[in-house]
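**Student:** If you want the building blocks of each chain, they are given just below.
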Amino acid sequence: EVRLLESGGGLVQPGGSLRLSCAASGFTFSNYAMSWVRQAPGKGLEWVSALSGSGDNTYYADSVKGRFTISRDSSRNTLYLQMNSLGAEDTAVYYCAKHRSRSATNCNNYWGQGTLVTVSS
Amino acid sequence: DIQMAQSPSSLSASVGDRVTITCRASQGISNFLAWYQQKPGKAPEILMYAASTLESGVPARFSGSGSGTDFTLTISSLQPEDVATYYCQNYYSAPITFGQGTRLEIK
Numbered sequence: 001e002v003r004l005l006e007s008g009g010g011l012v013q014p015g016g017s018l019r020l021s022c023a024a025s026g027f028t029f030s031n032y033a034m035s036w037v038r039q040a041p042g043k044g045l046e047w048v049s050a051l052s053g054s055g056d057n058t059y060y061a062d063s064v065k066g067r068f069t070i071s072r073d074s075s076r077n078t079l080y081l082q083m084n085s086l087g088a089e090d091t092a093v094y095y096c097a098k099h100r101s102r103s104a105t106n107c108n109n110y111w112g113q114g115t116l117v118t119v120s121s
Numbered sequence: 122d123i124q125m126a127q128s129p130s131s132l133s134a135s136v137g138d139r140v141t142i143t144c145r146a147s148q149g150i151s152n153f154l155a156w157y158q159q160k161p162g163k164a165p166e167i168l169m170y171a172a173s174t175l176e177s178g179v180p181a182r183f184s185g186s187g188s189g190t191d192f193t194l195t196i197s198s199l200q201p202e203d204v205a206t207y208y209c210q211n212y213y214s215a216p217i218t219f220g221q222g223t224r225l226e227i228k
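For the record, the sequence lines run as chains V and D.
Positions 1 to 121 (this note's numbering) are the ones given, in order, by the first sequence.
Positions 122 to 228 (this note's numbering) are the ones given, in order, by the second sequence.
If you're looking for bench data, these hints aren't it; they were derived computationally from the structure.
Treat the hints with care, as some may be off.
Distance ranges between label pairs, derived from CB positions [claimed, not checked]:
no., chain 1, residue 1, chain 2, residue 2, range
1, D, GLY162, V, GLU1, 18 to 24 Å
2, D, ASP191, V, SER101, 24 to 30 Å
3, D, ALA134, V, ARG102, 25 to 31 Å
Footprint (simulated), chain V over chain D, 3 or more residues, beta carbon under 8 Å [what the hints assert, rightly or not]:
no., region
4, 167-180
5, 210-224
We treat Cβ as the ideally placed atom computed from N, Cα and C, and that holds for glycine.
Work the whole structure out from these sequences, hints included.
**Tutor:** The structure is reproduced here in structure tokens:
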């Protein structure tokens, strides 16, 4: 059974940093691309970042480029999102999502339950 | 970036009704389109991929069609458990983009 468990969310001040983790199980982690998708309170889904199965290719939304870094540790079956220079506009539930293949340009067939990030003073 | 426009933004229908949601891409994306269902307080779940391929375990009352720029999600006979927000997703190229969502309620 595929499981994705996000952690690391919480309250952070504007300008601060946070690192999200997503622990994956039930599949061969290195064979699949992974993404982070966020959802601001009461709003729709916004793709944030993706990483290919090999780890060679990374992709970012313009809204987070230069501030967020996606990475993976295949020895720990864990996906990360390092978030710096956070602003109120980054307040959202952050979901970890598995892609259908090694390619990050593919749909997401499994999602975690999300972790809430609140940026506020 | 490819923009995805969903319509309607909200919809109210009766149990047993046929419901159709549309999604239009700002440029051609072949069939690189997925549909997701998100129930209140829950994570999204995939319903359909490659525009018309039903994900395993999804009820057959859901169907998808389209190619290029225009796509539809159809529920043949609306059930109470279908109350949710539905999103289309373009995965033709990065950045991946979502439609703004269609909120479906029971009349």
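**Student:** Now, for every hint given, state plainly whether the structure supports it.
**Tutor:** Cross-check of the supplied hints:
no.	hint	verdict
1	D:GLY162 <-> V:GLU1: 18 to 24 Å	holds, 21 Å
2	D:ASP191 <-> V:SER101: 24 to 30 Å	holds, 25 Å
3	D:ALA134 <-> V:ARG102: 25 to 31 Å	violated, 39 Å
4	167-180	holds (count 3)
5	210-224	holds (count 12)
The structure shown violates just one earlier hint, number 3.
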